[in-house]
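**Q** Assemble chain B onto chain A, guided by the hints.
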Amino acid sequence: MSVTVRSLLSRWRVVFLGGALLVGGGIKALSLSNNQGYQPTQPIYYSHALHAGAIEDGGLGMECLYCHGNAEVSHHASVPSVDTCMTCHAYVQTQTENIQKLTEYYENNESVPWVRIHRLPDHVYFPHKQHVAAGVSCQTCHGPMQDMEVVYQAEVLSMGWCISCHRDDNYLKTPATRDFAKFTTHNAASEFHSFRQTDAKATLDIEYVSIAEGAEFQTVDELKEITKALNAEVKRGKFAKNEVEKRLDMIVTNTLGYNNYAKQTGPGAIDHVTEFQNANISCVFCHH
Amino acid sequence: MSDQKTPHAPLVWSTTEELERDPDALARQGGGDWNSKPKGFQTPLGELSLPEMNLRRRDFLKLSGFAAVLAAVGCYERPESELRPYVVQPEEVTGGIPNYYSSTCQGCSAACGIVVKTYQGRPIKLEGNPFHPVNHGALCSKGQAQVLGLYDPDRLRRPGRIKAGELAQEELDWDVAYAELADRLKSAKNPVLLTTSIHGPARTELLARFKKVFPKLRHVSFEAFGDNTLLRHEEAVYGKALRPRYRFDKCETVVLLGADPMSQGGSPLEYQRGLGGVRKVRRDDHGHVTMGKVFAFEPVMTLSGMNADERYPVRPDQMLDLALALAAQLAADGHVVGGANVANIARNAADPAAVEAELGLPKGVVKRCADQLWASKGKSLVYSNSLMNAMGAEWEAQLALTTALLNAMLGNDGETIERSRPANQLQGSPDAFAGLMEEMKAGEVDVLLVADANPAYSLPESADFADAMRRVAYSVSFSSHLDETARLCRVALPGLHFLENWGDAEPYAGIYSIQQPAIGPIWNNRAMEDSLIAVAKKAGGTEFDIEKYKILRPALQGAQGNPPPLPDTPPWYDFVRNVWSTTVREAVAPDLGEEEFWHDCLRKGVAVAEPKGQESQLNPGAVKLASADERQRMKGKAGQGLTLVTYAMPNLGDGRFANNPWLLELPDPVSRICWDNFAAVSYGLAKREKLKDGDVIELTANGVTKRVPVRILFGAHQDVIGVGTGWGREHAGTVRDEDSLSFNAFEYGRVVGKGDSAHLVYSGALATIKKTGDTYRLADIMGHNYLKADPADAEEFRRPIVQEVALEDYLHDDTAAQPPHHIPYHKGHDPYDSLWGETPAEDRYWRHKWHMTIDLNACTGCNACMVACQAENNIPVVGKREVLVGREMHWIRIDRYYKANEDYLDNPDVLKHPMLCQHCDNAPCETVCPVLATVHNDEGLNTQIYNRCVGTRYCANNCPYKVRRFNFYQYSDYRRGPHFPDQKLKGTPLIMALNPEVTVRTKGIMEKCTFCYQRIADAKWHAKQEKRNIREGEVLTACQQTCPTQAINFGDALNPEHSVNTVYKEHAYRLGFKVLDETNTRPNVLYLAQVRNRAPGAWDKERQAEKHHGYGDDHGKDGKKGHGKGDDHMPEAPDHVIDHSNVEPEPAPLTPAAHTESH
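Chains as they are written, first to last, in the working numbering: chain A, 3 to 290; chain B, 7 to 1165.
So that you can see chain A by itself, here it is in the shape it has in the complex (with noise of 0.2 Å):
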């Protein structure tokens, strides 16, 4: 045993092997675990930017929830089973190729063998409904979907980009995200990622409204309104001073999610009613 395993590393050999190695393995080496851009053909081509894309960029202004809707109650946003893909294309351009395709998948009771961009580790905990619940758009981790012709996966999804988001005040809601920031030695992701305070909170003046135990606000002058009110019941003992800071903290939470939501659909979201109208399939049809 001894021979071989001497023979084997003569010192020449070592260097020269273990140089080739280390400058062609290298480079790739420096991605290493790293997905980023992962683009596989997909067995039908379906196109994000047609379906989510806003009305006026030539799509259809679809709400990801449409097809996506567990992201917001379960783990799992989960590819939409092959009966919903039906449901429109049943009807609507049922002649084209791919559309075939997805017929015949239909027809012979076959799941589609669609390939998997995103992917965590098994030991990741990632619940999709408390981030759709805090407001994080889609887009967010999932990059520009409603531009995407064929989809591939936009951010790194690695831990220290994770916790890009979580060690943020901002996102520092829970003791146990702080935690996890704090806790982290891998924090040394790219500022690349870095998430953005100033982001979430530009979108406060956006015109949607909000309802959180009863409070309303529009603009972000509403809001301090709703501020100035609620510190006026805390001088006159309604509210303990902790109260109203959750109070607005749920506000502010809830309009951040609204709007991000409504960001992320298009202003054209129900637009499609036209494109159906035409195709002669009622509202009640998709909208029980």
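Quick caveat, the hints were computed from the structure, so don't treat them as lab data. Using N, Cα and C, we set each Cβ at its ideal position, and we do this for glycine too. Among the hints, a few may not be true.
Facing chain A, according to a computed beta carbon distance under 8 Å, are these residues of chain B, among others [said to hold, decoys possible]: (1) Glu-86; (2) Asn-105; (3) Val-295.
Pairs of lysine to aspartate or glutamate, EDC-like flavour, derived with a Cα cap of 20 Å [as the list claims (entries may be wrong)]: (4) Lys-543/B x Glu-211/B; (5) Lys-777/B x Glu-695/B; (6) Lys-256/B x Glu-421/B; (7) Lys-192/B x Asp-181/B; (8) Lys-195/B x Glu-445/B; (9) Lys-131/A x Glu-1032/B; (10) Lys-618/B x Glu-424/B; (11) Lys-992/B x Asp-124/A; (12) Lys-696/B x Asp-780/B; (13) Lys-1033/B x Glu-74/A; (14) Lys-131/A x Asp-1024/B; (15) Lys-103/A x Glu-151/A; (16) Lys-1026/B x Glu-1038/B; (17) Lys-1071/B x Asp-1083/B; (18) Lys-1009/B x Glu-74/A; (19) Lys-630/B x Asp-357/B; (20) Lys-990/B x Glu-74/A; (21) Lys-131/A x Glu-695/B; (22) Lys-1026/B x Glu-1063/B; (23) Lys-1030/B x Glu-74/A; (24) Lys-1080/B x Asp-819/B; (25) Lys-103/A x Asp-780/B; (26) Lys-776/B x Glu-704/B; (27) Lys-1026/B x Glu-74/A; (28) Lys-698/B x Glu-26/B.
Residues of chain A placed beyond 10 Å of chain B at every Cβ, according to the derived structure [to be verified]: (29) Gly-60; (30) Ser-80; (31) Thr-98; (32) Gln-132; (33) Lys-237.
**A** What follows is chain B alone, placed relative to chain A:
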């Protein structure tokens, strides 16, 4: 105990080696350290070690460098994987959210209600149905393991002919098989359908209609644990051949005569729940602390016996004398409910004092037992149905009669023994089949249909079942496996697992329990019921032409195109629904509509009708007690030498679960041995015969000789050798060791009598043993990884791990159960400075702080929690060889300690101690982790972060509770450990049993109990969504959920609504103690000390002094008897007389809810 000896603190030990301080044996066990390999141990990879490779340091570094570069180059590409969506997503299914279906467990005939948790159509966990009147939300270890049985890859996968014990290669079409069977049945002269217990309105209706199509067909139920002596006797004495319902849950005193209702009986889980409730410390109506009492007289230590307050080893042939002595004592004292003619029967049946002397019992036991029974008349139960008493038909009839007489004297009929709702559980018996076998041997049975029953395994060797089967012209097996019986049949038409099938059950008359499938058939198998219907139709029967119910999919209505076709509903579904919509609906709720009733039943899982039967009273005229001479004749030779006793081992039951790795690796509750059974001998017998644990002996009884390993089972009778059932199955499946010495205990039985009076005798035979000189290693989990309570250490160094107290001591001093070194936090100061300069708890934890309490008095040590945890948390099976080196992976284990004074080593008390991660506030594991893989979170949980762990194992070494588990060999890949590398989970349905909510851990990392964090997270999420606090009972850990006796409570210490706080308040400085509290680890698990309802004698200064010195209590010296010592003096006072005046006024009055739920 002789009077000359000075009393001293009792010994506490867990293995014989420990008791004897045998250094060789301790070394053989691996010395309690998982890092040390015992001699001759081979790693799964063979002997591979660095010195043999003669590798120098520089070479090693070079190789490491290569490895690093290769890893970097090789690992960056990721394998492509698929995402497969549903074609048509069922409306009720959302990816990632579990669905729950109520159903009925058919693991045994008890028919507990279950709730099946499914993920996208695959069941991953069974839990008890809280609305079910049999099990009230609990589930036993076997029930928990059924989900693994569903995915068993050894199940038959298609129909086929059986040739030479194997499934023939050529395909057999279902229709062809049905036509063939229909022809055979039509022309048959004496066809027989052999099943296990079958009850349930639809099932019985199906059989009735099937019999109409084939009028000659006979139905025989076979249950290895069944007992029709009881039925015969019920008919004679009570007028009706019914199985009564035993209500242990209504009892205050229970006397077990050689019986182990927790392991064997019609409804073991229900009995266990009841018995556990008897022994819970509670407050009576006046607010006084009280508890029930259990006496056990038994030949070997059983699960029930180890939970008794007073337990004495008694040979099976002495059991009848003892029962008669009890009856005579009651009669003599005039303690009889039934009047003079009942009393007269028993008056001179036996002389209690003589019986005590003969049996070697301490003086006064019979009187004490009788007094206690009388004190709770109408709320007591004497129970003797057991395999251990199966000494012959007459003998059993006499014992049953005496037991009935006792219960009648105590007025228990109609109170704790209900005949208005008779039991359907455990129908049939081996006897019914023994008669049938004579016909088979005579060639009279021409068609035999077998479903699930396995007489080829559970009949004695001498019965020669194989020969009988050869003479049956045509036999069909509906069993799911090619088991011992199925392989003797001609055709296999494999049935479905109960989780794949519709069905129903009626455990007690009028309690209808529905069984609905949670998954479609995994293989090309069909329900036996469907097969029977198809066969009846082929034969031209019109009995099954019934209405077709449609399963509708509203989502598809109105869709165009060609949606995939709906699977046709099987006729058995229509049949079940039909019966439930008519018969059951009329019995339960005739006002409800059919559709409404059906859906209501599916939702609740159970429908309960009013009881129709009548309670009946004993007919004294029918009670004919045998004379002493007759009893002597019935006994035969039993007791004249070493007597064989067959007992039911709780894990495998009658052997039907012998291919389930979860249950095989589950340690036996009493011996803590897994992967094998053994011949159980007492310590005294072992000394006498010079036997050691693991010695291989030749055990001969009834002409059968086997090589079996010996295990010292403390508490066994000195003249008894016990053999446990359920093991040694040769054709259970592929989970079987070729070199295992597990043996079939049923083979030691014999058939006595002919025809209808044939009877199977399992116990009482004279046995001989011969040492072979060989040894065999039994996998004993108590040999390692437990908290050492070393009996040889000086008393002051012995660590008080488990606390126990006598009830009377506790009543005198409510801190009697406190360990001597406990920290008096409650007095408002902290005597220990912390190393960390810690922040006060209220600053560290402000949202949640999770606490658990475990009531050791309620805990029976049944292991249900271990399997529940295994199912919930994806805990792998490691295999026997890994267990031998202490590498089992159970996150919760139950430690078992024996405790006795030196004079009573042969009948020690048993302490059970469920041990799981204590989630210490000052966790010693956390401080030693170099990579912060184990950290505390803000909810008081000690978390383990798998991807940070690098496997230094420092934490495990530093954990005083030994609850951390290290994954040495990627155990999660294997079905039963790395020593069987060809049996992997991947590629088999077993992989579907994994819980997607819990990470499947890989090798090289540490793991441990998480307090079921996935359940906490889920509850938190729902609470947050609904903007409220987590409710009481919203987070149930897997162990807590399944616990038959509700010994475990779990909740948020910061939420005053959670009942865990009530328990804390009531018990924290009384019964409550924390293990190794003096080390300032501050565990978050509070144990409530075990209380024995036993008279400790006078309260004297000596005992008090002792208590504060060594262990928290001592009653090794009271009444604990070794065999053959009759000179002991027992306290005179009957211990039901409790002096309540000594109870201190309560600072925190107890709300009884937490502890008296079952009462």
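**Q** Looking at the structure, which of the earlier hints fail to hold?
**A** 2, 3, 18, 20, 21, 25, 30 and 32
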